[in-house]
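Colleague: With these hints in hand, go ahead and build the complete structure from the sequences.
Top line first, the protein sequences correspond to chains A and C. End of the first sequence sits at 280 in our numbering; the numbers just go up one at a time, nothing left out. End of the second sequence sits at 330 in our numbering; the numbers just go up one at a time, nothing left out.
Read the hints as simulated data drawn from the structure, not as lab findings. No experiment lies behind these values; they were computed from the predicted model shown. Treat the hints with care, since some could be wrong.
Stated by the list, open to error - Heads up, simulated DSS-like pairs for lysine-lysine below, C-alpha to C-alpha not over 25 Å straight-line:
(1) Lys268(A) / Lys248(C)
(2) Lys92(C) / Lys70(C)
(3) Lys70(C) / Lys136(C)
(4) Lys248(C) / Lys109(A)
(5) Lys248(C) / Lys136(C)
(6) Lys268(A) / Lys70(C)
(7) Lys175(C) / Lys43(A)
(8) Lys136(C) / Lys175(C)
Unchecked claim - Selected chain A positions facing chain C (in silico; Cβ < 7 Å):
(9) Asn17
(10) Met34
(11) Ser251
Glycine included, every Cβ here is placed at the ideal spot set by N, Cα and C.
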Amino acid sequence: MSTAAVSGRRGSRLGWNLLGLLVFVTAGFPVYWMLNTAFKPAKDAIDPDPSLLPTSVTFSNFSRALDIADFWGPVGRSLVVSLTVVVIGIVVGMLAALAISRFAFRGRKVVIVGILAVQMVPLVAMIIPVFLLLNDLGQYDRLTGLIITYLTFILPFTVWTLRGFIVNIPRELEEAAMVDGCSRTTAFLRVVFPLLAPGMVATSVYGFIQAWNEYLYALMLMSQQNQTATVWLGNFTTKHGTEYAPMMAGSTMMAVPIVVLFLLVQRKMAAGLTAGAVKG
Amino acid sequence: MSAADTTTPTKVPPPRQVPPAPPAAAGRASGTKRSGGGAVPWALLAPCLLILAVVLGYPLVRLVTLSFQKFGQSQLWGFQPAESVGFDNFAKVLGDGEFWTVVVRTVVFAAACVVFTMVIGMLIALLLQRVSGWVKTLINIALVASWGMPIIVATTVFKWLFDSDYGIFNALLSKLPGVDMIGHNWFASGPEGLAVITLLVVWGAVPFVVITLSAGLTQVPKELEEAARLDGAGAWGVFRYVTLPILKPIVVMLTTLSVIWDMGVFPQVFVMRGGHPEAEFQLLTTYSYDRAFVVNDYAQGSAIALLTVLLLLGVIGVYMRQMLKIGEVE
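Modeller: Next up, the structure:
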């Protein structure tokens, strides 16, 4: 790299940094404002000339948010649904991912393209037939119905992502183990599985987040008494208006655990997603 | 479907299929086995395919058949059998002027979302290469936080930001000299409201694009850019003729995913408008939902959903070709 370019860069570094800070402030503002509103007294939230910096800290919005409608019931239901979906998705998805990444067989290409194509069907387009299907099966307003439904998007996602992780593990490792006397199964369990574990964890967490965040099916397929966590957030708007400060407190309670989970896995996931999609 | 399958991998019979690499003879042997097909991979695939057939295949087929039937409230309750009506639903939908308005609105909205997401994402990814480490960390934190926000929470927060009386956005705008936006209702008109929703969608979609592109940018050889610069290329020239061609596969993938996601925008509009989007806010997704669950014409709703899928397929045909290529390479 020529010296001219380097010194030119150093000179403009300050400009880039300022621009970068602007991006940081803009991108982070909605999150900041959610937290800011959640912790400020409800009457400060409806100040027509709001102060951008935190004034005083209160937790009253959180207790109001917990009061407004049952919070732990929806959270429990969301947990049950998301965890079940992820467990089924990972077990079933793992087998399928192994099949398409480690075996050569006729029809493999069709399966791969099928699993990719299936992810393109917008969930919204499916809501009508899914609603009718669950209605016929007597699974409307049941957690099992919701679990079955969530598999439509979690399963293809899991298969495809796990495949991305498996493809990145060199086949030679398994072969070496098999040369050394392992069976195909033990080679998988002792060599591939440990290498795959981080990817599996990341996929599970990401799948969990997706299931947890799902809104449309949860709204359509569950009644008011059986609502899940995302739908719970709708309780702050009534005919008397919206209670914004408690609503932001509720949003904070919903978002923080998810964002933290997300932080833990996002690096791994970004790698897995691109590997799966770009690497042939 | 769970307990039995958990144990399946341990039961997989040993070798049979030998990786094609090592000695030539083994490679040929596996070649013949390949053409014969194998029971093992299909056994591994079976649970997955079975579930998908039930939860995805059946509803997809039902979506198609439904759109050729008459299916309203009385058919839902089973008072009347669903009769086939041929292309009636499609004729009704396609003959409706409102449908075409909605199609145009959806395409414009999705296009705006995709273009802004990709351009802003690319700019931020390029910026990240030029800032100091600590600024990069700050930006990454903000991006991951907005990426991880549940859509429903993000929508709620934006509703608050753009509230007409107490929203911070109006308050900040009014700080500008000569501007008084207090009380301005962003959702009084469709275009303004959809602009806010576009902002919301872009805000949530940019992080994925930035992080993926950043990973891609590290793959661009510094020597190539340097060589182009020595040959007299400006910043734009280097980007256009060196960086972009290398990033092309990632850009194509990201654009396609964005198209799929942005054509499927639903909760953002639905929640922003309190569960009843006005006519001016209808996109194909909400329109189909509206027809089915508000007007109770499930058949017409299905027809609209099906047309949406077809439209989407047309748009992403390019990507489909690339997928086929992926299938071939492997």
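Colleague: Run every hint past the structure and note whether it holds.
Modeller: Hints and how they fare:
1. At most 25 Å may separate the alpha-carbon atoms for a hinted pair to count; Lys268(A) and Lys248(C) meet this at roughly 22 Å.
2. For the hint linking Lys92(C) to Lys70(C), the alpha-carbon distance of about 12 Å falls within 25 Å, and the restraint holds.
3. Taken as a hint, the Lys70(C) and Lys136(C) pair is broken in the structure, with Cα atoms around 57 Å apart against an allowance of 25 Å.
4. Under the criterion of a C-alpha separation no larger than 25 Å, the hint pairing Lys248(C) with Lys109(A) is consistent with the structure, at around 24 Å.
5. For the given pair, Lys248(C) sits about 24 Å from Lys136(C) by alpha-carbon distance, which is consistent with the 25 Å threshold.
6. Taken as a hint, the Lys268(A) and Lys70(C) pair is broken in the structure, with Cα atoms around 48 Å apart against an allowance of 25 Å.
7. For the hint linking Lys175(C) to Lys43(A), the alpha-carbon distance of about 21 Å falls within 25 Å, and the restraint holds.
8. Restraint check for Lys136(C) and Lys175(C): not satisfied, since their Cα atoms lie roughly 30 Å apart, outside the 25 Å limit.
9. Proximity of Asn17(A) to chain C holds as hinted, the smallest CB-CB distance being about 5 Å (cut-off 7 Å).
10. A least Cβ separation of about 5 Å between Met34(A) and chain C falls short of the 7 Å threshold, and the interface hint therefore holds.
11. The beta carbon of Ser251(A) is positioned within 7 Å of a beta carbon in chain C (closest approach about 5 Å), and the interface hint is therefore held.
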